[in-house]
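Trainee: As they're listed, the protein sequences go chains A and B. Residue numbers for the first sequence follow my numbering, beginning at 34 and rising by one. Residue numbers for the second sequence follow my numbering, beginning at 34 and rising by one.
FYI, nobody ran anything at the bench for these hints, they're computed from the structure. All values reported here derive from a predicted model rather than from experimental measurement. Hints should not be assumed to be uniformly reliable.
Because identical chains share one entry, a pair is satisfied inside a single copy or across any pair of copies.
[Stated by the list, open to error] For lysine-lysine, the following BS3-like pairs were computed, each having C-alpha atoms within a straight-line distance of at most 27 Å: (1) 41 x 233; (2) 403 x 135; (3) 66 x 236; (4) 423 x 41; (5) 383 x 233; (6) 232 x 409; (7) 135 x 359; (8) 66 x 359.
Chain residues, written in single-letter form:
There are 2 protein chains.
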Amino acid sequence: MALEVFHKDETLQMRRKLIGQSCRLFFSHDPVKIMRARGQYLYDENGMQYLDCISNVQHVGHCHPSITQAAAAQMDLLYSNTRFLHDNIVLYANRLAATLPKKLCVFYFVNSGSEANDLALRLARQYTRHQDVIVLDYAYHGHLTSLIDISPYKFRKLEGQKEWAPLPDTYHGIYREDHLDPGQAYADTVKSLIEEAHKKGRKISSFFAESLPSVGGQIIFPTGYCKRVAESVHEAGGVYVADEIQTGFGRVGSHFWAFQLQGEDFCPDIVTMGKPMGNGHPIACVATTEEIADAFTANGVEYFNTFGGNPVSCAIGLALLDVIEKEDLRGNAVRVGGHLKQLLLQLQIKHPLVGDVRGVGLFIGMEIVKDRVSRKPATEEAAHLVRRLKEERIVISTDGPWDSVIKFKPPMCFSIEDAERVSTCIDQILGGWYTSSPSSIPAASAGLQGSISRNT
Amino acid sequence: MALEVFHKDETLQMRRKLIGQSCRLFFSHDPVKIMRARGQYLYDENGMQYLDCISNVQHVGHCHPSITQAAAAQMDLLYSNTRFLHDNIVLYANRLAATLPKKLCVFYFVNSGSEANDLALRLARQYTRHQDVIVLDYAYHGHLTSLIDISPYKFRKLEGQKEWAPLPDTYHGIYREDHLDPGQAYADTVKSLIEEAHKKGRKISSFFAESLPSVGGQIIFPTGYCKRVAESVHEAGGVYVADEIQTGFGRVGSHFWAFQLQGEDFCPDIVTMGKPMGNGHPIACVATTEEIADAFTANGVEYFNTFGGNPVSCAIGLALLDVIEKEDLRGNAVRVGGHLKQLLLQLQIKHPLVGDVRGVGLFIGMEIVKDRVSRKPATEEAAHLVRRLKEERIVISTDGPWDSVIKFKPPMCFSIEDAERVSTCIDQILGGWYTSSPSSIPAASAGLQGSISRNT
Numbered sequence: 034m035a036l037e038v039f040h041k042d043e044t045l046q047m048r049r050k051l052i053g054q055s056c057r058l059f060f061s062h063d064p065v066k067i068m069r070a071r072g073q074y075l076y077d078e079n080g081m082q083y084l085d086c087i088s089n090v091q092h093v094g095h096c097h098p099s100i101t102q103a104a105a106a107q108m109d110l111l112y113s114n115t116r117f118l119h120d121n122i123v124l125y126a127n128r129l130a131a132t133l134p135k136k137l138c139v140f141y142f143v144n145s146g147s148e149a150n151d152l153a154l155r156l157a158r159q160y161t162r163h164q165d166v167i168v169l170d171y172a173y174h175g176h177l178t179s180l181i182d183i184s185p186y187k188f189r190k191l192e193g194q195k196e197w198a199p200l201p202d203t204y205h206g207i208y209r210e211d212h213l214d215p216g217q218a219y220a221d222t223v224k225s226l227i228e229e230a231h232k233k234g235r236k237i238s239s240f241f242a243e244s245l246p247s248v249g250g251q252i253i254f255p256t257g258y259c260k261r262v263a264e265s266v267h268e269a270g271g272v273y274v275a276d277e278i279q280t281g282f283g284r285v286g287s288h289f290w291a292f293q294l295q296g297e298d299f300c301p302d303i304v305t306m307g308k309p310m311g312n313g314h315p316i317a318c319v320a321t322t323e324e325i326a327d328a329f330t331a332n333g334v335e336y337f338n339t340f341g342g343n344p345v346s347c348a349i350g351l352a353l354l355d356v357i358e359k360e361d362l363r364g365n366a367v368r369v370g371g372h373l374k375q376l377l378l379q380l381q382i383k384h385p386l387v388g389d390v391r392g393v394g395l396f397i398g399m400e401i402v403k404d405r406v407s408r409k410p411a412t413e414e415a416a417h418l419v420r421r422l423k424e425e426r427i428v429i430s431t432d433g434p435w436d437s438v439i440k441f442k443p444p445m446c447f448s449i450e451d452a453e454r455v456s457t458c459i460d461q462i463l464g465g466w467y468t469s470s471p472s473s474i475p476a477a478s479a480g481l482q483g484s485i486s487r488n489t
Numbered sequence: 034m035a036l037e038v039f040h041k042d043e044t045l046q047m048r049r050k051l052i053g054q055s056c057r058l059f060f061s062h063d064p065v066k067i068m069r070a071r072g073q074y075l076y077d078e079n080g081m082q083y084l085d086c087i088s089n090v091q092h093v094g095h096c097h098p099s100i101t102q103a104a105a106a107q108m109d110l111l112y113s114n115t116r117f118l119h120d121n122i123v124l125y126a127n128r129l130a131a132t133l134p135k136k137l138c139v140f141y142f143v144n145s146g147s148e149a150n151d152l153a154l155r156l157a158r159q160y161t162r163h164q165d166v167i168v169l170d171y172a173y174h175g176h177l178t179s180l181i182d183i184s185p186y187k188f189r190k191l192e193g194q195k196e197w198a199p200l201p202d203t204y205h206g207i208y209r210e211d212h213l214d215p216g217q218a219y220a221d222t223v224k225s226l227i228e229e230a231h232k233k234g235r236k237i238s239s240f241f242a243e244s245l246p247s248v249g250g251q252i253i254f255p256t257g258y259c260k261r262v263a264e265s266v267h268e269a270g271g272v273y274v275a276d277e278i279q280t281g282f283g284r285v286g287s288h289f290w291a292f293q294l295q296g297e298d299f300c301p302d303i304v305t306m307g308k309p310m311g312n313g314h315p316i317a318c319v320a321t322t323e324e325i326a327d328a329f330t331a332n333g334v335e336y337f338n339t340f341g342g343n344p345v346s347c348a349i350g351l352a353l354l355d356v357i358e359k360e361d362l363r364g365n366a367v368r369v370g371g372h373l374k375q376l377l378l379q380l381q382i383k384h385p386l387v388g389d390v391r392g393v394g395l396f397i398g399m400e401i402v403k404d405r406v407s408r409k410p411a412t413e414e415a416a417h418l419v420r421r422l423k424e425e426r427i428v429i430s431t432d433g434p435w436d437s438v439i440k441f442k443p444p445m446c447f448s449i450e451d452a453e454r455v456s457t458c459i460d461q462i463l464g465g466w467y468t469s470s471p472s473s474i475p476a477a478s479a480g481l482q483g484s485i486s487r488n489t
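Based on the provided sequences and hints, a complete structural model is requested.
Mentor: Structure, rendered in structure tokens:
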């Protein structure tokens, strides 16, 4: 598989014929064919190198040899299922437990973040015996039937029994950075939703939220938000589900889980994890409390996931945890992420188009705006910047309700030099816009089509 | 990971503490710890060999070196997602297309059979704009919220808008082997359900059925059943979904897909596939028609599956197809499956407890009954047989509404010698029951607990 089998045009033609067109390509007008990758670098069919700023799934770097070795060794021994006893699953659950607050001590292994969120929904509903789910606006929790209902980003027309709360975005939202206590104010919006639901005789099973909303625009929750939301949700008999599918495993650097940024006095009742867990391999997980797990067991129905928790997936998961520690990738996220954020903040001073820079560790967003007073999202300019960066062999994409947020979620081995390269390129591209004619700025007609889709 | 990390008792203790108890173990009163496996053989922590009669997921044999090599080679090159162009996904889709009728030519790759069935549900509902689903009694289509509703085996209390049709079981069902045309008779039950639904103003999106119902008791559809069901479903504006998750990839020997046993004049509109596809690796797929895929694309919503269709999963899928061909595993299924069925039919003549032997290729069921006239299922005796076979180092399990069907779904490299070994053991165990005191037969109290759970 090392060599190109088909010429790129033929691959594209076959892809259009054989694969459902709902499955979209990056840069759909001129997609990239990637043959191999290593660390934070991608190589196309001509050997051209691209810097990868968005592959958060390839968490410790593309094709890390330790992961490949662990997978191959276990594949040669046993690739069975969880109905046989095996050490790997308990070793892995034990290692994950050590990263979490004590009460999150029971694990279910599945194959994807979507499967994890679906199971979290089943656990929450079984435990609380309530049905309603509160989610944040612009949230995305997966592609399954049950999750589309709780993903306003995909389907803003939610079914009657679900509510969505305002995104606690202090740049664009109803309460901004000048508010005295935006954490309390946004948490109160959730409380109001619960009260409204109660008035209609409905009951809340759960509040679902990414610990840092990603497709929502790389949002950092204001201080105290999660704790106060959890209080209201618990009061209503519901549970707090922290979706760490994009944000877990040390991406934020200072903590292993992004929900831990909210302080030690906040603990979710269910945590879902996925994308970075296997560095590309399909593995995901739900962690919960003994009480919730017991309620799920009490329904008497077996939960069997054919592939979930198999010895190979767990060996890969264990190897990934080892690499994070051995290579101090959390420390790297703090250092490189911090440096990148500083560089982008300098661009904000220099370029009026850069409205906001926010983030933590290697989870950073840079918002492109028409002007800083109105904060009007500059969707076309952001798309143009993405296209120009691709010409510079930098793969990056946009997020947020208006696709105006340049998002950074690179493999965790991203270096200081990479950060400087991308920042310098952005500086030059933005700088070029002022010295050239205005018409040279965004090719508006190609705007959205040319941008990278969300949810990587 | 080659060596035992914990003593078996400790593994079990940790498992009970760390893993949700809804995830059950085989032989829960005395689970087996498997350290390694090769071909059709499992090895426990003491190096004891077990013959594996049920691991249909490890389709070409446990830990086949060709699969491991293909996986490791691709893992070293690229483990990215389907938003980048890659040859493997189109190569693989092309190979799968060659096994299917021409009209099934568009593919969606996912991570599990459950994800495949959930997507099939979305495709069917989007295309038909209808909601109702007709499923067979005792069916199991997956563990997701959306699929529990269509899996009477898990939840017989279905929601109002769904119907289940009688299982076309000519041994226990309403029409039996002495009926002149059971295919037509059972198909008429589906037609009646559709008419009832229409009277209530409801509309049928789809009929979902495994091409050979597995947890339903290793059922072989009577001739003409599928074609006639498809006619009624199409007339109602619905689509026929063939769930080949357990039965595809040559298990039936004579054909690549079990639905092909129903003749060339039958073709489903959607086929879901999963368990054997990756020989243990999490990969699954939905194949459908251009019309259905186009309707799904037309809703304008992207379908992105983070891991689905990645280069490693497709490399593994391709390697598996090569092994099936190179090792003539379909031919082996015909020869060994045929021989095993003959041996079991001889046991039927000899032992009154063997009520029925049915199956095709390496998909075989042997039904244990109290007596042949009443056909009363002998659940406890079947469980006892499973326990006794475990003592003989043969791993097997039961299926069917009453857990009275001994099921054979071994890796496809199962040999003539393996078939003779298991048949001889069953012969001896059953024979022993007549010469010993009746009380020595099944330990009724341990009956169900000791049996192996379903849905492997």
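Trainee: Each of the hints needs a verdict: does it hold here or not?
Mentor: Here is how each hint holds up against the structure:
Proximity of residue 41 and residue 233 under a CA criterion of 27 Å is satisfied in neither setting, with 56 Å inside one chain copy and 53 Å between copies. In this assembly of identical chains, the alpha carbons of residue 403 and residue 135 never lie at most 27 Å apart, being 47 Å within a copy and 51 Å across copies at closest. Taking identical chains as interchangeable, the C-alpha atoms of residue 66 and residue 236 are never at most 27 Å apart, the minima being 49 Å within one chain and 43 Å between chains. Taking the shortest alpha-carbon separations for residue 423 and residue 41, only the intra-copy value of 18 Å comes in at or below 27 Å, while the best inter-copy value is 53 Å.
For the identical chains of this complex, residue 383 and residue 233 are neighbours neither inside a copy (51 Å) nor across copies (66 Å), given an alpha-carbon limit of 27 Å. For the identical chains of this complex, residue 232 and residue 409 are neighbours neither inside a copy (37 Å) nor across copies (53 Å), given an alpha-carbon limit of 27 Å. Taking identical chains as interchangeable, the C-alpha atoms of residue 135 and residue 359 lie at most 27 Å apart only when both belong to the same chain, with a minimum of 24 Å there against 51 Å between chains. Taking identical chains as interchangeable, the C-alpha atoms of residue 66 and residue 359 are never at most 27 Å apart, the minima being 32 Å within one chain and 31 Å between chains.
The earlier numbered hints that this structure contradicts are 1, 2, 3, 5, 6, 8.
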